[in-house]
Structure formats: structure tokens, C-alpha cells
Amino acid sequence: MENLLWLIPALPFLGATLLVLFGTRLSKTLAAVIGVGSVGVSALITLLLGIGFLSARPAFYHQEVWQWFSVADFNPSIAFHLDALSMVFIFVITFVGFLIHLYATAYMADEPDFSRFFACMNLFVGSMLVLVMADNLLLLYLGWEGVGLCSYLLIGFWYKEPANGYAARKAFIITRVGDTAMAIGLFMLFQLFGTLNIQTILAEAPEAWAVGSQMAVIVALLLLGGAVGKSGQLPLQTWLPDAMAGPTPVSALIHAATMVTAGVYLIARMYVVFELAPVAQLTVAIVGAVTLLLAGFSALTQYDLKRVLAYSTISQIGYMFLALGVGAWSAGIFHFMIHAFFKALLFLCAGAIILTLHHEQDMRQMGGLRKSMPVVFWTFLIGAASLAALPLITAGFYSKDQILWYTLAGPGGNVWLYAAGLAGAFITSIYTFRMVFMTFYGESKTHVSHPPGKRITVPLIILAILSVVGGFIELPHNFGHVVLFSDLLAPVLPGITAGKILAANEWLFQLLAALFSLGGVFVAYLFYLKSPSLLRSVKRSGTAMALHRFWHTGWGFDALYNTLFVQPYVYLSNINKRDVIDSFYTGLARVAEGFHVMFSQTQNGILRNYVMGIVVGAIMILTISLLL
Amino acid sequence: MILVWLIVILMVGGLLAWLSKKWHPVLPRWIALFAVLADLGLALYLWLRTPAATLGASPWLVRLEVPWIPQWGVNFILALDGLSLLMLLLSFFLGTLAVLISWREIRTKSGFFHFNLLWVLAGITGVFLTMDLFLFYFFWEVMLIPMYFLIGVWGHANRNYAAYKFFIFTQASGLLMLLAILGLYFIHGSQTGIYTFNYFELLDTALAPVAARLLMFGFLAAFLVKLPVVPFHSWLPDAHSEAPTAGSVILAGLLLKTGAYGLLRFVLPLFPTAAVEFAPWAMLLGVIGIIYGAILAFSQTDLKRLVAYTSVSHMGFIILGVFAFNEWALQGIVMQMIAHGLSTGALFIIAGFLYERLHTRDIQLMGGFWSKAPKMGVIALIFVMASLGLPGLGNFIAEFLTLVGSWQANNWLTVFATIGLVMATVYSLRIMQKVFFEPAPMEQALPDLTSREMLIATPMVLMILWLGLYPQPVLDTARPSIKQQLQAYQPASLEEKSLVAVPIAPPAVQVQLGDTVHFYKTRGGTHEPK
Amino acid sequence: MSTTVSMEAALLLAGILFMLGLISVLIRRNIIFMLISVEIMLNATGLAFIVAGTRWVQPDGQIMFIFILTMAAAEVSVGLALILQIYHQLKTLDSDAANFMKG
Amino acid sequence: MSQNDFLHLMPLLILTFAALLIMLVIAAWRNHKLIYVITAVSFVAAFLSLFELRGVVSYAIEPLLVIDGFALFYIGLILATALLISMLSYAYFEQQKEQKEEYYILLTLATLGACVLVVSTHFASLFLGLEVLSVSLYALVSYLRVRERSDEAGIKYLILAAFSSAFLLFGMALVYFSTGTMTFAGIATAMATLPELPLLLLTGFGMMIIGIGFKLSVVPFHMWTPDVYEGAPAPVTAFVATVSKGGVLGLLIRFFMEVEGFRYPTLMLIFTIVAIASMFAGNLLALMQQNVKRILAYSSISHLGYLLVAFLAGNRIGMEAVTFYLVAYFITTVGAFGTVALLSGEARDAEQLEDYRGLLWRRPWTATVFTAMLLSLAGIPLTAGFVGKFYVLAAGVNTQQWLLVVMLVLNSVIGLYYYIKIIAVMYQQPDTEREPQQRQRPSVYVASVGTLAVLAILLVLVGVYPTALVQLIQDMLYNMPAVVAR
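Residue numbers (this note's numbering), protein chains in the order written: chain A, 1 to 628; chain B, 1001 to 1530; chain C, 2001 to 2103; chain D, 3001 to 3486.
Pulled out of the complex, with its shape left as it was, chain A reads as follows:
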């Protein structure tokens, strides 16, 4: 069983390699078969392993493939470590990944660079799997950078358009900033523990550090740096909305379901370090809270369908960070899974819409699609409901409610974080249903081509089902009290207990949460369906417009960073293009030439001057010999 471990990442890599080598020569069908097949097979293997794992319930599976290198007792290896946490992740990655691949075969059908697309997608899946299965941080870093590369390649997939290229570069560079922090963290960890093996570090950290010791805090913060970079949290969130330049399946897989949650994985993986550094953990929570609010507001103001989803992704990951920050580890991971389902679903629906509307992404040009594409409508609605966490029926409700509950009742929780979360929930449902109403209701504005085919609808339906039933594996203990998921994670991540006083009236807070999300739906209904005049009246006021613009540009972070970092760097680089240091050496040459000219004056070919030269020399020598 264990020995199959390496196949999971290996297959997608194999697929990628094949596609790269023979890509140009393969027929699209064959390319599709390879691309989808490789992920499919590794999904099957995952299933196999998963069944075995759930039945046998070992602590973990471990397989060392080969020793990467070994220098002076620093010997990381290419080795995989599969425990419950990574199990959850590889499930999501392989299955959602498989569905998205399937979907992509239709979505990208008439792309010339079909095989390149699937090569990158496979490469991505492979690297992502390495990331979550790595048994040491160096290998994790390999996957980490690998997914970064693929994200770069796929965002810039339509490279002819310079804007896409810049978006891709932006994504890579900004995430690289985070990675740098993380790398430094790795150096420190290595210096302290003499290894980068995750389990060893987790085991030794408590001995090495007292709770709240400075080292722990620094390391934790550095790791957090890496996490925020990848997961598009404050302050490194600006790349994610632009990343929507890529094809929609990419947004679904990389920028919604999997890669952007790598940060969540990292923090959960290194939870010991964070628990030893409460300050850092609180930072995580605050980052999450602030991010989810900011992103939520921005989402309210977007017109581009995909950008709305992008911001909502940022904000949902904010929830996960919030959960991790308050120590509700399993809640965070749970939300990650559910979010993967419904966000992938929403993106895919969006993709379907965009495809049928000839790559129209502006919601103002949409509308009335309810009748023209019913399947998409219903699935999208389910996804939206789950995102807006409509009570009882949707998975989103259970996952998000759990988070909200622990932000208040958990040991690390407090009122402010809770309030932020609640407000976030409200906003979430507003922009979600704003999206729904603008897209599917009202009169249609754009001509609709052929309705989407099977390969598109099937994944939608599956994901829709998942984003409903997915919630029922983890129900709060005041009704149902199903804890399958947290049980699964129990051996890896510590559980969490709510304060007793509050526990009594948990239902009150659940009601509150439900009310907020429903309230959000109502507001959206009011503004975007019932009486748009209201909206217009609001829009008339200058402040509102200014606020709108401010939110629309993502709170002006781009402008800020542009003036703070980009412009100075470019300026600095351009003024020194000719390399000042060089001028010093050329200067020396000039000086020598100057002397040459000066001396050659003396050689003027006139005999008497030469005689004079000798006389001068004579005088010089004689004075020396007489004076000294």
C-alpha cells in the first residue's frame, strides 16, 4: 500500500513530460487522454490508499523514494509522508483536479496550444501533490515553487496579450516575496534543528522552545510570510485578482481549489510552531479577519464575474486563516475542503457562462441566463448558496458556522474576530447573490450560443452534490453531532473545546449566523432585483462612488505597491543602466591619455629642446648628489 505513494505525484509528472516531449505531434484527443488520464489514475490510487487508510487507520504512510542529497548531516530526501491532513488535501487535489481536467477538455477544445495547457495542468497537479505529501520542508519548498511556476505559466497561457504576461509575472514575483521569507525560515529551522524533516521538527520544537519564545515567533512569522504570499492574504493578496487572466479551469483549480490554500496547509502542517508562538498565531487570525473583510468589500464592487469570485476566494481563505489563527485547526481544513468544492463549482459555472457568451466576463452584459442554461443556473445557485452559507442545506453553512463559533468560543477567540467573521458572512451573501441576480435574472443582454455539453455539465453536477452533502460529515454537536472529519484529523491536529459558558447556548449564535447570511441575501435581492432604483440613488452620492472606486481597485494596494516598490526599482535600474562603476575605469583611461598628450608635447623634434632636456636632467642629478 505504502509503496504506491510515489505513483500519485509521479503519474501527473509523467503525463506532463509526455505532453511536453510529444505535445506538438499528439492529436487533441490523445493529449486529452494523457492529461486527464494521468490525473484520473492518480485519483484512483488516492481512493485506494484512502480506503486502506480509513480502514486501517495507521498514523501515517511513509515512503522514501531516494535520498535527494546529503551534505554534512543535512540530508533531505525525496520522501512522501501521508497522514490524515495530507490525505484530505490529496483527495481534493486529485478528485477536484480530475473533474476540472475533464471540464477543461471541453473548455479548451478549440485552443491551438491544447497539449501545452494540459502539460502545465499536469505539472501543477504533480507539484501540488508533492507539496502536500512532502515529508521535509525542502521537498515541500520544491512543490511550493513548482506550483508557483505552473500558476505563472497558466496565468500567462494566452501570452499574446501582454497584460496576461504581466499578471503572470506579478503573481510569480509577489508569491516569490513570500517564498523568500519562508526560505529564511527554513534556514533558521535548519540551524536550530539540523534537519528540515517536518515530523522531527514538530517533535523537537516543544523541547527546543518555551511557549512564546522569540525564535519560535520569528520562525512562525517567516512561515506565515510564505503562507500569505501563496494564499493571497494581506499584505500580498494583490496578485490573485489579476491572476484571473488565465483560462477559467486554471482559476478553478489553481486559484480557487488548491494552490491558494497551500498557505493553509503550511500553517496547519507546522501548527506546533504556531502554537508555540501565540503572537504569531494571533497574527494569523488578524490577517485572516482583515483580509476577509477587505476582500469582501472589494468583491461587492466588481463587475467582472471572475474577479468577484477571485475576491471571494481571498475572503474565504481569510476565514480559513481565521480558523487556524484561533486554533480551530480542523475547522479551517474542513472549510478548505468545502470551499474547494463550491468555489471550483462556481468557477466552472462561470467558465461555462463565459464560454457560451463568447468570452464575455462583464456581469453587466449578462442576465436572464436562468432559462437559457438551466443546468448551469441550478448548479451555480447551489454553489452560491454554499458560499453564502445558507443555513442547514448547504455545506458552506456548517463549515463556516464552525469557524465563527470557535472564533468566539475557542481559546484563541475573541469578540472582535467573531464580529469580523459575522460581518464577513453578511457581505459574502450580499455579493454572492448580487452575482446570481445580475447574471441569471433580469432580461438577457448577450446572445447565447450552443448550451454547454456533457463534459462540462457532469463535473458541475458532481461538484454541486459535493458542495451540499459535503457538509454533513461534520455537524455541530447541538444537532446531529457528526464528527467524522475532525475525528479523521484528530491524530494529526489537536482538537479544540469551546468555553463551557457559551457552549450552552451555541444555537443562539448559529441562529445569528444564519440570520446574517439570509439578511445578506435579502439585501442583494432588494438592490439588484426588487428595486434597482435604490442602488442608483445610493450610487448618486459622491462618497459612495469614491468608496466604490476605492473598493473596486482592491483598496488601492496596487497603486501603493506600485509607488512604493515597482517604480523606485525600475527607476533605480534605468538610471544606472550604463553602470556608473564602469565610468570610473574609463575615467582612468582618460587620465592616462591626458598624460600621453602632455608628455608628447616634449617630443617636439627640436634639437635644442632635447639638449635642454639633458641639461635639466644634469641639473637634477647634480642637485641630488650635492644636496644629499
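Because the hints were derived from the structure by calculation, they are not lab data.
In this text, all values refer to a predicted model and were calculated from it rather than measured experimentally.
Careful, some of the hints might be misleading.
To be verified - Simulated crosslink set (EDC-like; lysine to aspartate or glutamate; CA at most 16 Å straight-line):
1. C/2091 / D/3148
2. D/3033 / D/3094
3. B/1372 / B/1443
4. D/3421 / A/593
5. B/1372 / A/113
6. A/530 / A/443
7. A/160 / B/1201
8. D/3421 / D/3354
Unchecked claim - Here are a few chain D residues that sit away from chain C, every Cβ distance over 10 Å (derived from the structure):
9. 3003
10. 3016
11. 3024
12. 3041
13. 3048
14. 3052
15. 3097
16. 3189
17. 3231
18. 3316
19. 3352
20. 3364
21. 3421
22. 3429
23. 3443
Claimed, not checked - Which bits of chain B does chain A cover? Going by a derived footprint, with three or more residues having C-beta under 8 Å, they are:
24. 1295-1305
25. 1320-1328
Beta carbons: idealized from backbone N, C-alpha and C, even for Gly.
Put chains B, C and D on the given structure of chain A with help from the hints.
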């Protein structure tokens, strides 16, 4: 004896290539190819014959010693250890590629061209092999002249200026090294009465602090200019961008490495105390180099010039690592030498391919080649990623090890060096963006790589991947000699050396050495949590 | 009656002669005069030798003087020949005119 | 004079007779080749006669001359150089309309003078040797009368040389006046007794330095050099640059060794200043120069500066270095001017930089040899020049004259520039295609090309395997009493 062959084959091959031009214009190419391949074969044989495990005891695989100018104590000493072996393998590998690249590119005076090419390689081989300081300087100079001709005769428009600059910079620094060598020679002679340039004997020269410092700077002058370290780098962009492709490959891939090699081989073991004193400054220089090079690389529009500045940036890591004095860093450097040799070499080769097709090196005029030349695109992508240090490719191992090592020595500088990685991303992606992604200003035809060119590119890709995924063989080969270089930095040996120094050296020396033991402990490779 | 001249005085005389010759080499432009001035300097040295010889009561000084005379004669002969050539080509004896080669 | 004396003076006598013989032959029958053969043979004979004297420790011919290892080596060097130059001259003058034959008389006499210089131990012989050398040089420099530059060079050289030798003589007179002897040994003993040097003596030395400095063309007595080099026919230039300087330098060394001049800081100071000035002035003057002969002239000035660095070391390794460097310098210089001579035409010498454009493409071998010579001048490995420079640096470092050594390094960097400049010109693509080479007569061809080939081989040989030469020099110098003393 096999070591002599390594050099002789190249030199004779060169002469033959030159003369054979008369009979047939293609002969020189084949002769050159065979000569380099023969050496590559020999080097590989040497490598495979000695499995890394057996390197344990003494790092020296082969040694040859013949008196040359006995009156001056100059011996013709060639000795091979893991480090040299790796460098040789790299040299001959890149040499082979250099010959292949020039197959079509060089049309005029092909005979003389290959003569120079082979003699550069011969000089480099000598530098990597010789363990006699006189001979070292001799080869050090020998490699310059042919290189000068490669640039000056077959270079691009501004070749003369570049060639002068290259020549004068390296000569000036080399002469300073010569002075240092002579100083060492006479000091050792006056101490022991044995006047010799033999590296192994000079190793245990006890130097007064001041003398050590001065002599070290003499050596450093040569090596830092060769590396090059900012602010001595300004010869490099000109030389690299003006040289013909083969020239650039050899410059970036090998000549720069001789500087790094010199640091490892001579500066570290000869002047331990002085080096430890100088370390923070050296590392600072390294960091400055990393950042300065990266910034300049970003604004360049001439592709080869851009790549040249990236080398400046990458070489910063080497000096950063050398003066960290621990095995991780030094292993990292060895990896860096090889990986950088491959990746930058490859980038220059790609620049060459583009130049052959478009007759321009200006990236403003390029663009959208991904669709026209996918193969070239993929290969370029791989090496661009290598140069920004993507895990899984050789450079990552190199840079990571170097940084891990330098972190032990100096945290803050390491932080800044790591920031250099971000800048590396910035300029590297700019290459991809400008050349392969965004559409070109004007439409031009661009045939994809020919089979010959694939023959050149594929091995490099495989090598860089291999280095990234399973570098162990390389590391094992280098380990013994690296331990050797580091011996002077094990506190024990410092004391022991100072004891040796007692009878002959002025007391100041012992005190000095004594201090540096602690000095070293506080800042050196010991890694207890701080 | 004989008055003895001190050695130093005699040497001084030689020195003065030498200086005269030197200065006139400097100030003259006519090549012939320059040649003559050089001869004066040579003769001054001859005188100096004789003085030195008489100081140590040795014949060497006079011998050297004879050598110098011969050498001077040889030099003058070559010199005049050259001057003739120059005059043929430049139609002048101005030494400054002969400066084709400079820089 | 005993028969033994004759035996020991054989080389000089051979040269003397050769000169007379040539005169007679010319009177009888003008034939360039014949005269040339006689000259060459006599040089060879003189050279071979040295081997008879091998192992002579020190044979003095009181009071004028002494034959010792040092003398033998320098005579040998001078004769060999003269021989090569005569071969070049033959090829060179073949294409001149001028009466060629007398040239060889002058050449022989000049060589004789140089030889006398290195064996002399007495002011009289010194003076005679110097003047025999100079007077014949006047004629040699202006030998091609039709070229006005030649005459100009001649007159300049004559006036200045006479002027400077007046200084030399006056200096001698002063020294004689204050010591009462004209033999070096005598002067040495006289000086040894004195606690410090009297003013007159110092003045005397100072003035002598002027005379010597002029012949060595060191700053500030260098100004004649470029003009004479440019004006004189290429082979003569080679002669001026090598033989005459070599003779004078040999004399200087001997004299300083005898009187232990290195003990006197004043003299050392003067020479230090002169050395540094020569290095800088020479290199900087050559920097942007367009005329190859002038470039070589200036470079020779700086090379004398380098030589003085070794000379100032003042100990055995220093003298070895000087001698070795001199050999390398001779080979290189003769080679360089040989190339110039080879390329020169009837009207003018090939002295403009333009004459060398694309030479590699037109005449590969010549260009390669010239490149080798230039690299040797620049002190690049595989050439004699490198080993020489190394030796000089070693001498300097050994005696810790850091100032001089650093100056030397700095200057050889400056020097690089103009040497490379010539090379670069030669390697540029030619504007004209391969010119039709006029087929030379075999004898001429052998004379010129053969000489260059020999020089090139020597250059590389000394550069790669200097052991033999070093050994020879050391043996020879050990035979010199003054050197053994220290």
C-alpha cells in the same frame, strides 16, 4: 601522466586544427571536436574509475611532479582531486558544446579559431590541475591570450574595446597575484630555507598577520576580478556581450569559475586567519554583487549583456559562500560553479541561436517566439527558471546550500542575499516575457531549433535536471577536497598550526591564531541555537 | 719666475669652459656652431684631465687628452659630412628646421 | 703583450681584422653578398673563439681590460645579436640603391666598441670603446643619406651623443682628479678608504651617470630615442636598441660591482628616480603613438626602466635578473625590428600602424612572429619576456623595493594597451586582399625569414624552458669576482 595528456591533447589538437585548415575547411572543426571529446572521455574515465567512497582518505587521486626550473624551485606539478575533477568535467563538457555551437557560426579563419578555443581550454585545464604557484600563474596567463583573440577577432561590433578591457583587467589583477606569489615564495624560503613554489609545501608557511593580509589581497585581486565581484566587474558585460557565442559560453562557464576555484584552492587554505578577518567584508561584497548585478540585469536590453549581469549576480553567491567557511556553503559553491556554468552557458547559447536567426541581440525587437519556436521556448524556460533558482534544477541546490551555509556565518547578509532571489525572478521573467511571450514589434521568421542545436541543448537540460534532482555524486566527489580546504578552519588545526609556527614565526602570529580560534567559534560554522 | 696656479683654480677654469660650451649649445641654432660648442666642451674636459694628471703627477691625463682630441676630430668629420647632407636637403643650417620627426 | 693576452683578446681582434679585411675587399671588389658573408663569418668566428676561453675565471690585461665569465657572456650576447642583425641587414639592404658595403665595416666596428665596453676596467678603455661605438653609430644611423629623416636622426644623435659624452668625460676627469686613478679597482680602493664621498667625486659620478644614461636612453636623457629609432634604417635601429645599450649596461654593472656603488644611497636614489621616470614616460608616450618604430622606441625606454629595477636590487639575483632580462629583451627587440625590416620597402620603412592592418590575413607567419614578439614585450607567458619580467619582479620583491615593484606592475599594465593595439590592428580584416608577394632571392629570403624563425624559436624556448639559460647565466656570473664577493 594522464594529466599531462589532458593538456597535451588540447594543445596539439589546437595546432593541428590551425594547420589542417589548409587541407580542408571542415577539418579543424572535427579535429577540435575529437580533441575535446577525447579529454572528456579521459576525465569521465578518471571519475568513474574512482568511486566517491574511495576518496575518503587523501583527496588526491593522481599526482605528477617533474622539476622544471630547479634553480627557482619551480616544479611541473599536476595533481587531481575531486574539485579539480569536477571542474575538468565541466570544462570539457562545455568545451564540446562550444565546438558544436561554432560549427555554423564561425566562418572566417575557422582554423585559427579552433586553435584559440582549444588553447583556452588547455590553459583552463592547467589552472585547474597545477599545484605549483609559478605554473598556476603561467596557465592563468596562458588562458587569456587565446580568449583575447576569440573576442577580438570573432566578436561583435564593439569587440576591440571589449577585448582590451578584458585583457587589461585580468592582466592587472594577475600581476598583483604574481607579486603575492613571490612574496609568499620568499617568506617561505627565508623561514625554511627551501625556496619553492610547491603548493603543498607553501601550505604550511606561518605568516605574520600583516604579511598574511597583504598576500591574501594580492591573491584576492586576481580572483575577485575574475569572478567578478562588484566593483571589479565592469569588464565582464562588455566581454560577454561582444564575444562570439562559444567565447561567451567559455567565459561565463569556465573563466569565471577559475576565480572561484582560486578562492577555494589558494585563499582559504593559505591565509586562514586573514581570511577569517576579511570574511564579513567579503560576504558584504558578495551581497552587493548579488543585488547590484540583479538590478542592472533588469534594465539591460541587450540579451547577452543582460545574461552577463545575471552572472555578476550569481557570482555574488560564490564569494558569499566561500567566506562562510563551512561545508554546506562550500558544497553549495561547487554546485553553483557547475550549475551556473550550465545554465548561463545555455542562456548564452540560446542568445546565440537567436542572434544567428535575427542578427540582433536587442530584446526590444524580439517577442512572441513561443509560438514560432516552441522547442527553443521550452529550453529557454528551463534555463531561465534555473537561473532564478527553481527547485528541482541544479542552481537551486547550489543557492540553497550556499545560503544555508552563509546563514550559519552571518544572518543579515544572508537575508539580503535571499532577497536577491526575488530580484533574480524579476529579471529572469523579463527575459521570457520580452523574448517569448509578448508579441514582437515587427514580424520576423524564426525557424525552430535544428537537430544539431537540439543535440547541443538536450544534454544541458538533462544535466541541469540531474544536478537538481540527484546531485549526490557531484557532492561526494567534491567532499574530500572541500574538507581539505576547510581543515585550516577546524579550531584544532588552527592551534596545531600555530604550534608548528612557534619556532619560526614571530610570537605575534601565535597570539593572532589563538584569537582567531575564538573569533572563529563565535562567528563560524558551529550551529548551536543562538 | 714662475707662479703656481692652484689645482682647484685650474679645474674651475675647465669647469667654466665647459659651461660656456654648454650654454652656447643651448642658445645656438646654427648646427655648425652647435658642433663647435660641443667641441669646446670636449676640450674643457681635456683640460680637466690634464689638470687631474698634473695633480697626481701622472701622464694619464695627457694621454686621455690625446684620445679626446682624436675622437673629437673623428666626430667633427662625421658631423660636417652630415651637416652638408642636411644643408643639401633643407637649404638651411637652422637646427630647428630639422624636425620632421616628433610626437 | 704576451701571446696569452692575444689569445684572450681573440674575439676583439677578430672583429678588428674583419673590419680591415672588409675595407680592403671593398677597395678591390664591391659585392654585397661577399662582404656580408665575410662579416657573418667573422662574427661567427669571434663567437666560436669565446668557447676557447670557457672557464676563464678572471684574466686581467693590466690595466685596461679584463676577461671573465661576465665579459664572455656579454660579448657572446653582443656577437650573437650582431650576427642576427647583420643577416637582417643583408635582406634589408638588398633592396636599397645605396652603396651597401661600407655598412658592414661600421657594423663590425660598432660591435667591437660594444665588446670593448664590457671588458674594460679602465676609463681609457671605457672611453675608447664608447667612442668607437658612437662614432660608427653616427654613420650607421644616417646611412641611407637620401632619406632626410635619416640625416636628421644622424645629426641629432651626433650632437646629443657628443654632448653627453662630454659630460661623461668631465665626470671621469673629476673622479680621476679626486681619486688619482682611472682603473675601477683603484677607484674602488680609494673610495673604500673614504668615510663618505667628497663633493667632487659625487659630482663626477653624477656627470658620468648622465653620459651612461644617455646611451641607455633613460629619462630624462631619452628624448633622442624616438627620433633616432624612427630615422635610422630598421636594422640599425635594432642595433641601437640592443647592442649599444647592452654594452653600456654591461659596463655599468661591472663598474658598480667594482666600486660597490650600491652602498651609496645617493646613487641609488638617482637610479630609482630615473627608473620610475623611465617606466612612466616610456609607457605613457607610447600610449597613443601611431608610428610602430616610435612605439618600440618608447617601449624600449620603459624596458630600460624595468631593467634598472632589477639592477637596483644590487645583489646576485638582481644581476642575474638584469642579464636574463637583457637576453629576453635582445631576442624580442631584434625580432620586432626584424619584422619591421622584413616588411619595409625601398622608399620607406613599414612604420605606420596602417602598414600592419590585416597583416595576419596577408602574411600569417610574419604576423604570428610579430605577435609573439609583442606579447613578449608585454611579458605574457610562453615567451621569454614573461620569464624575464618574472625574474625582475622576483629580484625586486626579494629586496623589498615595493615602490619600484608596484610601479613596474602598474606600468606593464599601461604598456599592455599599446602592444595589444598593434596586435589588434594586425588581426583586423584587411581592406586590401592578399598582396602579391614579390619572390625574394633565396639567400635574402633565408637571411631574413631564417633569422626571424630562429628568434621566434629562441623566444618560445626561453619562455617555456628557461632552465638552461638561467644555469648558464648563473655559471657565468659566478666567475665574476665582484659578484661572487656578495
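Would you say residue 3429 of chain D is clear of chain C, with no C-beta pair closer than or equal to 10 Å?
-> Non-interface label on residue 3429 of chain D holds, nearest chain C Cβ at 28 Å vs cutoff 10 Å.
Check the non-interface label on residue 3003 of chain D: least C-beta distance to chain C beyond 10 Å or not.
-> The claim holds: residue 3003 of chain D sits with its nearest Cβ about 26 Å from chain C, beyond 10 Å.
Non-interface claim for residue 3443 of chain D, where every Cβ of chain C lies beyond 10 Å | holds (31 Å)
May I ask you to check that residue 3364 of chain D keeps its beta-carbon over 10 Å from the closest beta-carbon of chain C?
-> Consistent with the label, residue 3364 of chain D stays out of reach of chain C, its closest Cβ about 31 Å off (over 10 Å).
Taken at face value, is the distance from the CA of residue 3148 of chain D to the CA of residue 2091 of chain C at most 16 Å?
-> OK: residue 2091 of chain C and residue 3148 of chain D at ~12 Å, within 16 Å.
Straight-line alpha-carbon gap residue 160 of chain A to residue 1201 of chain B, limit 16 Å | violated (63 Å)
Distance rule for residue 3024 of chain D, whose beta carbon must clear each one in chain C by more than 10 Å = holds (21 Å)
Claimed clearance of chain C by residue 3189 of chain D, with the beta carbon kept past 10 Å | Residue 3189 of chain D clear of chain C: closest Cβ-Cβ about 15 Å, beyond 10 Å.
Confirm or reject the coverage of the segment 1320-1328 of chain B by chain A under the rule of 3 or more residues with a beta carbon closer than 8 Å to the chain's beta carbons.
-> holds (count 3)
Please confirm whether residue 3231 of chain D is truly not at the interface, meaning its C-beta sits more than 10 Å away from all C-beta atoms of chain C.
-> violated (6 Å)
Nearest-CB test (10 Å) between chain C and residue 3016 of chain D | holds (16 Å)
Can we confirm that no CB of chain C comes within 10 Å of the CB of residue 3421 of chain D?
-> holds (16 Å)
Hints 7 and 17, counting from the list given before, are not met by this structure.
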